[in-house]
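Visitor: Sequences and hints are given; from them, build the entire structure.
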Amino acid sequence: PTTMLCTKFGEDRPLGGRVCLTSCCLQMMKNKADEEDYWNSSKFKAFTFDDEDDEFSRLKESKRAVNSIRPLVDEDDDEEEVEKVSWSGEPVGSISWSVNETAASNQRTDREPAFPKINTDTTSISKSHSGYSLSALFKGETHRCILGKDNTLSGDWSPEETVQRMQQGKAVSLEKFRSLQDKLLLLDYAVSAHDGNVITAPLWDLFVFPEVLFRELTDRQTALRHFIHYLTESKDQRLLLELLRYLPLSTPGLPLLQYKEHLGIADENKRRDFLKSCLSLPFSPEDSVHVEDHYTLLERQIIIEATDGHAERGGKQEIFQKFPRKASILNMPLITTLYYCCFYHYTESEGTYSSPLNIRQTFKLSEKQFFVTALAARAKLKAWPDVDALFTSRNWLGFTRKKSPLSFQRVVDVLHKNSAPTQVLQDYVALVDDAELRITLAQKHKCHDIVINTYRDLKDRQQLLGYRAKMARGSAEERKINELLNNSQIRWKN
Amino acid sequence: MAHSARTDCPELPDFFLLKRLARDQLIYLLEQLPGKKDLFIEADLMSPLDRIANVSTLKQHEVDKLYKVEYKPIVSTSDQLCFLIRPRIQTVKWIYVANADKATGRFRRYKIIFTPQKFYACDAVLEEQGIIGDVTTDEWSFYLLPLDDDIISLELPEFFRDNFLAGDQRWVRTAGSALHLLHSLYGPFSKVYGIGRCSKMAYESWREQVEEGEQKARQAEIGKVFLIDRDVDFVTPLCSQVVYEGLVDDIFKIKCACVEFGPDVTSSDKSIKVMLNSQDRVFNEIRNEHFSNVFGFLSQKARNLQTSYDKRRGMDIKQMKTFVSEELKGLKQEHRLLSLHIGACESIMKKKTKQDFQELLKTEHSLLEGFEIRESISFIEEHINRQVSMIESLRLLCLLSITENGKSSFFLCSYGVDHLLTFANLRQLGLLVEQQPGETLTVMESKVGKLVNDRTGGKLSDAFSSLAKKSNFRALSRKLNLVPKSDEEYDLRVPRDMAYIFSGAYVPLSCKLIEQVLERDGWTGLEEVTRLLNGHEFAVTGYGADSKAKNDAQRIILVMFLGGCTFSEISALRFLGREKPSMLFLLTIWLMETPRVSVTLISSIF
Chain Z
1 PTTMLCTKFG
11 EDRPLGGRVC
21 LTSCCLQMMK
31 NKADEEDYWN
41 SSKFKAFTFD
51 DEDDEFSRLK
61 ESKRAVNSIR
71 PLVDEDDDEE
81 EVEKVSWSGE
91 PVGSISWSVN
101 ETAASNQRTD
111 REPAFPKINT
121 DTTSISKSHS
131 GYSLSALFKG
141 ETHRCILGKD
151 NTLSGDWSPE
161 ETVQRMQQGK
171 AVSLEKFRSL
181 QDKLLLLDYA
191 VSAHDGNVIT
201 APLWDLFVFP
211 EVLFRELTDR
221 QTALRHFIHY
231 LTESKDQRLL
241 LELLRYLPLS
251 TPGLPLLQYK
261 EHLGIADENK
271 RRDFLKSCLS
281 LPFSPEDSVH
291 VEDHYTLLER
301 QIIIEATDGH
311 AERGGKQEIF
321 QKFPRKASIL
331 NMPLITTLYY
341 CCFYHYTESE
351 GTYSSPLNIR
361 QTFKLSEKQF
371 FVTALAARAK
381 LKAWPDVDAL
391 FTSRNWLGFT
401 RKKSPLSFQR
411 VVDVLHKNSA
421 PTQVLQDYVA
431 LVDDAELRIT
441 LAQKHKCHDI
451 VINTYRDLKD
461 RQQLLGYRAK
471 MARGSAEERK
481 INELLNNSQI
491 RWKN
Chain H
1 MAHSARTDCP
11 ELPDFFLLKR
21 LARDQLIYLL
31 EQLPGKKDLF
41 IEADLMSPLD
51 RIANVSTLKQ
61 HEVDKLYKVE
71 YKPIVSTSDQ
81 LCFLIRPRIQ
91 TVKWIYVANA
101 DKATGRFRRY
111 KIIFTPQKFY
121 ACDAVLEEQG
131 IIGDVTTDEW
141 SFYLLPLDDD
151 IISLELPEFF
161 RDNFLAGDQR
171 WVRTAGSALH
181 LLHSLYGPFS
191 KVYGIGRCSK
201 MAYESWREQV
211 EEGEQKARQA
221 EIGKVFLIDR
231 DVDFVTPLCS
241 QVVYEGLVDD
251 IFKIKCACVE
261 FGPDVTSSDK
271 SIKVMLNSQD
281 RVFNEIRNEH
291 FSNVFGFLSQ
301 KARNLQTSYD
311 KRRGMDIKQM
321 KTFVSEELKG
331 LKQEHRLLSL
341 HIGACESIMK
351 KKTKQDFQEL
361 LKTEHSLLEG
371 FEIRESISFI
381 EEHINRQVSM
391 IESLRLLCLL
401 SITENGKSSF
411 FLCSYGVDHL
421 LTFANLRQLG
431 LLVEQQPGET
441 LTVMESKVGK
451 LVNDRTGGKL
461 SDAFSSLAKK
471 SNFRALSRKL
481 NLVPKSDEEY
491 DLRVPRDMAY
501 IFSGAYVPLS
511 CKLIEQVLER
521 DGWTGLEEVT
531 RLLNGHEFAV
541 TGYGADSKAK
551 NDAQRIILVM
561 FLGGCTFSEI
571 SALRFLGREK
581 PSMLFLLTIW
591 LMETPRVSVT
601 LISSIF
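If you read the protein sequences in the order shown, they are chains Z and H. Numbered by UniProt numbering, the letters in the first sequence go through residues 1 to 494 in order. Numbered by UniProt numbering, the letters in the second sequence go through residues 1 to 606 in order.
Hint data in this document are derived by calculation from the structure and do not stem from the laboratory. Fair warning: there could be bad hints in the mix.
[Claimed, not checked] Label-pair restraints from in silico Cβ distances:
1. H/Gln428 with Z/Lys402: 41 to 47 angstroms
2. H/Gly430 with Z/Ser404: 35 to 41 angstroms
3. H/Glu70 with Z/Ser404: 52 to 58 angstroms
4. H/Lys479 with Z/Glu242: 46 to 52 angstroms
5. Z/Pro282 with H/Asp521: 48 to 54 angstroms
6. H/Lys580 with Z/Ser288: 49 to 55 angstroms
7. H/Asp521 with Z/Ile265: 55 to 61 angstroms
8. H/Lys273 with Z/Asn269: 44 to 50 angstroms
We put the beta carbon where it would ideally sit given N, CA and C, even for glycine.
Guide: Following this line, the structure appears as structure tokens:
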């Protein structure tokens, strides 16, 4: 597919370590060779205007004060503008006060611009949801009143009016909503008003009978979610867990909420035990596999950590002396664990917990996952024979050839990121199939031989000539190119 | 390249009024606590506060010292403490000073100012701590912060999470109130369009507030309003940004229209903070441009600048004086701005070339186009296996799942099983769409599935089978023509549609919807599209406003993204505003602290 990128985010032309801007706008500057030079000369050259120029530097100096350029952050902008406004210094009552003032010129009209109500999928409210008439439960009566802005408390409002007043921040009394039914009705009106703030308010009143509240909430998903969120925010773990206990097991996400608890357990043994207890939770089939893996992994990490910590302190094993461990392996992701094991325990037989092969088996890692990780780990150690061995496969005739589940382009990238030297890189660059890609990579990693050979194979004399110009005078590469160019056997295409 | 401003543009409303209102109200509230007082400010309120008032303003109103609200004992010796906070339970809990003072027998006055409003839950916390009588509370209705000529922000980072993830509707009224404020200052609106559940609720809340209050007839400055929920279009914020402003945000994080450029950009040893808005003339010309165009522009500018400087050669003293007094300052400033943005470009290039950006873009574009899906899946898989940037991996995975319904457990191997929770959250949001196994498998595909059906290969077969299942995005993309025909050259210098913001590969769904609805003046003809988007669309007319009035205001459209939007979307809407003189001039609002939705929304859910 063509995505028509004019931008080229390649690393084609690094110039002295600085990313060359020009490569990106080649498209538009094709015909402006001088402009290229201009840009290649690094950004600040372009702007330091002739320091030797006395006249100019004197000018610069004498006028420094004049030129104290206004800071880019126009902090005082507001200040200036405030002065424009006739600021009387008097405290301003409210937004509406100011609005009135600014809109003074406008006249009143009847309240015309009425927009229609739209249906916001509210569940209709029936007066008797609940089968409970539980006056007996009203032992812990609360006398709540919510004081609003005007701090007045009067009137006898319906649930609907009460909710409306609450939305407007006016004073209401929740005292008259005594029966469970009334309280739930109030809650339902709050839900239908779509105001989360107001929805939470009646919930505290229902706290007095948690058992009933929780049961009622299962039929009121919106209110339930508000309540869970409120409890999560106020970090009321106890009540939250209590609430979860009352919810039917089928409530989506419930096992995960319990699983989440493990994040709060710092001690690794306790955490492992907790994870074990999670295994019986009714996760989805897929999640349950993951949780099991999580448990198995942590169990194993605890063993590895103990053994390796011991070995490191003992000072007997060279690898730990040479490459001290930077952090504990506990609670690291699976791939990180695999990397760690490829780093410290590469040659172990499959029988040990820390053997990379064992890990691959136990967690059923894909070939690619294993390959990339082992590659990176062995490259980091500069264990090039190991790296080489990863690719070796024999065909039925017994010949070895290099095979990779990863494209060789990506292999080169992994090796490069692990600072492999050019000699190593070129073996793999040579295996990139696509000639153009091979040349790009070879140029990037300075594998001159490959570039030269590829141009030779492409019979591209012009490119070879161009490349010669970039080689050092008298270098082996230059000689090689010269030989090729003088070779009359080759039929150049250009 | 730099798009010349149209001459027939209607004038944008003056948002300075919003700042003044907020400032006046804050001063009023501060004076409610006469005498010297120390002010404690919630950390993320500081930048917004800076935009509307400054320290000397506060000092004028007897604020003595300024502190950040933190969870630690208060050292202030003042007898009056004032707290300026968001209505967050956690923060309210931090203010336990009243109880601490009681224990030591100290008497002080305490006042908490909540902004933009107080929640009942906050009162409950104060009640729980037994200090509700000791502490007085107030509300500072600071809803909207103008960030630029055409951008206003609600600066509520939790809006997205609370609303879409936790299902908490506490900010619905806030959104309605913000709209109400704009309506009373710049309205009356003649028409409101919208899509999404939250948009509907916000509309209702606003409508009720309009009915509660009084209306004044005034000359409208904003004609129409478009409300859109962020979850209507998750694809767009998941795509890598390639317009300049978006890239700057990706790399340097724009906060409150302000960015901090580090030493690598400034080529000195210090960082500087820069305001990025239309006041910055250089920035203003490149902000909406595709990155590939920016260099050409900057280089042209640099040459012009050099020419201007060169003029001084051969000047006599008098001419030189004039030059210095009239031109040099401007040139100097331009020089500074230019070198900053060139530095920023270099830094962006450096970071992007490091991370296979080209290939990443290719993968994204393939996913959007529904082409070479297997290659894309394999790219994402390798990206994950190599444990490269987690956020990027997650972003790609979400994009894959939304566009193709795929998924992957590789992720959990590379970044930890804990992320089961992340996935649960993403699923809740609709950012990760997983299909039921075995669903809509053809015989052929189930065979392939069986071949690779061990646990690792299973994911692949899932991705396979999803190819058959038509995902909504694919259908939407076809219906709305989101992916331009690939066999035509796309000249990024002369964009022909909004797709330029994604290198010509994709027209952002959100902006396309807005365009379509405004063009049709409603949802007629888009029934299939709204069905695919799960409905909740509306278009309502205020019968008071004389919509026949052909004034300029009717061309000014307020777009409110409930849950945040990206700079790319802003650029796309600005483009639309330039292209469609008959109706559009856009004004964008977002409700997130930062519009870096893709990163923020993903990282906010762990």
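Visitor: A separate judgement is required for each hint: does it hold in the structure or not?
Guide: For each hint, the structure was consulted:
no., hint, verdict
1, H/Gln428 with Z/Lys402: 41 to 47 angstroms, "46 angstroms, holds"
2, H/Gly430 with Z/Ser404: 35 to 41 angstroms, "38 angstroms, holds"
3, H/Glu70 with Z/Ser404: 52 to 58 angstroms, "53 angstroms, holds"
4, H/Lys479 with Z/Glu242: 46 to 52 angstroms, "48 angstroms, holds"
5, Z/Pro282 with H/Asp521: 48 to 54 angstroms, "51 angstroms, holds"
6, H/Lys580 with Z/Ser288: 49 to 55 angstroms, "53 angstroms, holds"
7, H/Asp521 with Z/Ile265: 55 to 61 angstroms, "58 angstroms, holds"
8, H/Lys273 with Z/Asn269: 44 to 50 angstroms, "48 angstroms, holds"
Checked against the numbered hints given earlier, the structure satisfies every one of them.
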